[in-house]
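Asker: Sequence:
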Amino acid sequence: MRKIEGKNSNDKGNAMAPSIEEIEARLLVLELVALSSVTRLLRLHDEREKAGLIAQILRDIEIKGRRSGLHFRDIIDAQSYAEDLLRDAQVQADSLDNIKHAYLKSDMDE
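Be aware that the sequence shown starts at 8, since it is given in the numbering used here, and climbs by one per residue.
Some hints here could point you the wrong way.
Okay, the calculated beta carbon distance ranges per label pair [claimed, not checked]:
1. Ile27 x Ser87: 17 to 27 Å
2. Ser102 x Ala22: 41 to 51 Å
3. Arg47 x Ala22: 33 to 43 Å
4. Val98 x Gly76: 14 to 24 Å
5. Glu29 x Lys57: 19 to 29 Å
6. Gly59 x Glu29: 12 to 22 Å
7. Asp91 x Ile27: 31 to 41 Å
8. Asp53 x Glu31: 18 to 28 Å
9. Phe79 x Ser102: 12 to 22 Å
10. Ser102 x His78: 16 to 26 Å
Straight line, CA to CA, 25 Å or less: simulated DMTMM-like cross-link-like pairs of lysine to aspartate or glutamate [as the list claims (entries may be wrong)]:
11. Lys71 x Asp95
12. Lys71 x Asp84
13. Lys71 x Glu31
14. Lys57 x Glu31
Please keep in mind that the hints were generated in silico from the structure rather than gathered at the bench. From the three backbone atoms N, C-alpha and C, an ideal C-beta is built for every residue, glycine too.
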């Protein structure tokens, strides 16, 4: 990593800029945590609440994007990415429920 001046560091001369690979790794971790968390959340909500939850997430992205000064196209892209992430989480949540129900059914058959 190359050295940069850090905003919050007392020793600004020794702050290091993260490499592209480190940024990508951090983004990957954030995406995995988000996907895992949303999967669990979607499993616990009933169908009517899921629509409201997803709508609120998309509204929050728009509000925070505008406050941050993002361009409209960037906000739309962020919402689209969130929708993809939510769709993937729902697929995982459904498959977890299918596994659970199959296990419970096989346990009852014995």
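Asker: With reference to the structure, classify each hint as holding or not holding.
Answerer: Checked hints:
A C-beta distance of roughly 23 Å is found between Ile27 and Ser87, which places it inside the suggested range of 17 to 27 Å. At about 43 Å, the CB distance of Ser102 to Ala22 agrees with the hint of 41 to 51 Å. Separation of Arg47 from Ala22 is about 36 Å and conforms to the stated range, judged on CB atoms against 33 to 43 Å. Range check, Val98 to Gly76: Cβ separation about 34 Å, and the 14 to 24 Å hint is violated.
Checked against the hint of 19 to 29 Å, the C-beta distance between Glu29 and Lys57 comes to roughly 35 Å, which is inconsistent with it. For the hinted restraint 12 to 22 Å between Gly59 and Glu29, the CB-CB distance of approximately 37 Å leaves it violated. In this structure the hint that Asp91 and Ile27 lie 31 to 41 Å apart at CB is violated, the actual value being about 23 Å. At about 36 Å, the CB distance of Asp53 to Glu31 disagrees with the hint of 18 to 28 Å.
Between Phe79 and Ser102 the beta carbon distance is about 35 Å. The supplied range of 12 to 22 Å is therefore violated. Checked against the hint of 16 to 26 Å, the pair Ser102 and His78 fails, with Cβ atoms roughly 36 Å apart. This hinted pair checks out: Lys71 and Asp95 have alpha carbons roughly 23 Å apart, not beyond 25 Å. Distance check on the hinted pair: Lys71 and Asp84 sit about 14 Å apart at the alpha-carbon level, within 25 Å; holds.
Between Lys71 and Glu31 the alpha-carbon distance is near 22 Å, which keeps this suggested pair within the 25 Å criterion. The suggested pairing of Lys57 with Glu31 is violated, with an alpha-carbon distance near 30 Å, which exceeds 25 Å.
Of the numbered hints listed earlier, those contradicted by the structure are 4, 5, 6, 7, 8, 9, 10 and 14.
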